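J.: Start counting the sequence shown at 1; every next residue gets the next number (the UniProt record's numbering).
Careful: at least some of the hints might be erroneous.
Cut-off 27 Å, straight-line C-alpha distance, at most; resulting in silico cross-link-like pairs (DSS-like, lysine-lysine) [claimed, not checked]:
(1) 226 <-> 106
(2) 125 <-> 139
(3) 152 <-> 125
(4) 226 <-> 240
(5) 215 <-> 226
(6) 220 <-> 106
(7) 308 <-> 165
If you anchor each label on the Cβ, the simulated ranges turn out as follows [as the list claims (entries may be wrong)]:
(8) 13 <-> 220: 47 to 55 Å
(9) 152 <-> 327: 38 to 46 Å
(10) 132 <-> 350: 58 to 66 Å
(11) 346 <-> 307: 15 to 23 Å
If you're looking for bench data, these hints aren't it; they were derived computationally from the structure.
Model, not experiment: these values are computed from the prediction.
Even for Gly, the Cβ is constructed at its ideal location relative to N, Cα and C.
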Amino acid sequence: MKVKLFKIINNYWILFTIFFCISFFSMVVFTGILNMSTTINGKSSIFSNDAIKLSIDSINEKIYLNDIIKIITENKYDFVQIELHNKYNDEFEVSAIYMGNDSEIKFPINNGSTFKESDFINNEKVALVKQEVYEQLKKDNNYSFFEYCGEKYKVVGILDSKETKYLDDVYININSILDNKNITQDASYYKIICDSGEHTKNNIEKVISKYSNLKFTSDKLVKGDKAFINSINTNRVFIKSLFLLILVAIITIINITSYWINNEKQEFGIHKLIGGSNRDVQILLIKRFSTVLFIAMLLGCFGFETLKYRGVLKFFMIGESSIGMDILGFLGVLFSSIILGILVLIIPILKISALQINDIIKGECI
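Taking the hints into account, I'd like the entire structure generated from these sequences.
T.: Set out below in structure tokens:
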């Protein structure tokens with residue numbers, strides 16, 4: 001059985017190589033799209049459908065983080081989040097947030113509580129951290145503290161790591177930064193998320209109208225089906241490359257079909273001489289194509305999994321994709337392989353049906 005299987009693969013090695021490459025690259029593209037879409041949705045999960053992502057660029061010079069906070073907090077928002085650069089802590093993703101009394105945003109808390117109104121009023125140095133971050137922190141008088149920019153932030157709430165998988169690792173009180181003299185962080189670009197329901201856009205427009213030296217770009221936060229569309233648009237180059245690979249594969253297989261048929265026409269002819277019909281010969285060809293296709297697909301997917309878990313495919317935004325995503329990716333590869341297999345089989349089947357194999361065999365035997 002193994003010898004026969006090896007012989008089939010050896011005879012159809014071009015087909016095997018083509019489908020191996022297609023299966024591997026398809027897994028990369030499909031899983032990359034699904035992973036990016038899930039990540040985008042995960043990062044937006046706690047926000048309302050009216051939340052806006054605001055980008056601020058300085059046209060002339062760099063601007064200080066404190067100035068950005070003042071610009072944003074002078075307007076009324078139910079929730080504000082500013083992504084902090086990793087200048088002071090490159091181990092964790094840190095954001096500064098403000099939560100008003102009317103904010104409907106709920107952080108999944110395992111232990112403790114979210115920030116209180118008094119924390120913002122008094123500029124308290126408090127933080128929310130994920131469970132895995134909390135486990136790494138040192139305790140002082142039965143309290144855990146997260147150190148950021150030379151200051152200690154008391155942990156008041158521990159986030160559920162599973163439900164906040166795609167959120168930042170640490171959230172600190174945005175007002176506590178205002179009186180922190182150690183922060184000299186400046187940049188020409190800041191990313192901010194504001195959420196006040198339907199009033200968010202109006203507040204953003206008021207901010208934009210006041211500052212002529214800053215460039216503001218505001219877009220609705222991507223969620224739901226739009227996250228999937230966004231992921232497809234981001235991966236357009238890879239998708240086009242995959243379609244190009246499939247097109248080249250189809251053309252290549254069509255061009256070498258005549259070689260395959262001529263190489264095996266004696267065997268097909270013998271099958272017909274001993275009573276086989278055109279249908280029997282076609283089924284034989286389909287079985288061989290299917291065997292090669294299936295083995296190539298499995299090995300392509302196995303190669304993908306091996307490289308993924310070794311961290312080789314991080315460039316494709318795959319990271320540690322879940323088993324569920326990999327299964328969906330495999331189903332996508334299986335479906336596309338079946339469609340492609342049907343397409344490349346059409347011409348070989350037609351050629352076999354058109355051959356007068358009995359006459360060929362009889363002529364060669366005389």
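J.: Mind listing which of the numbered hints don't hold for this structure, in increasing order?
T.: 11
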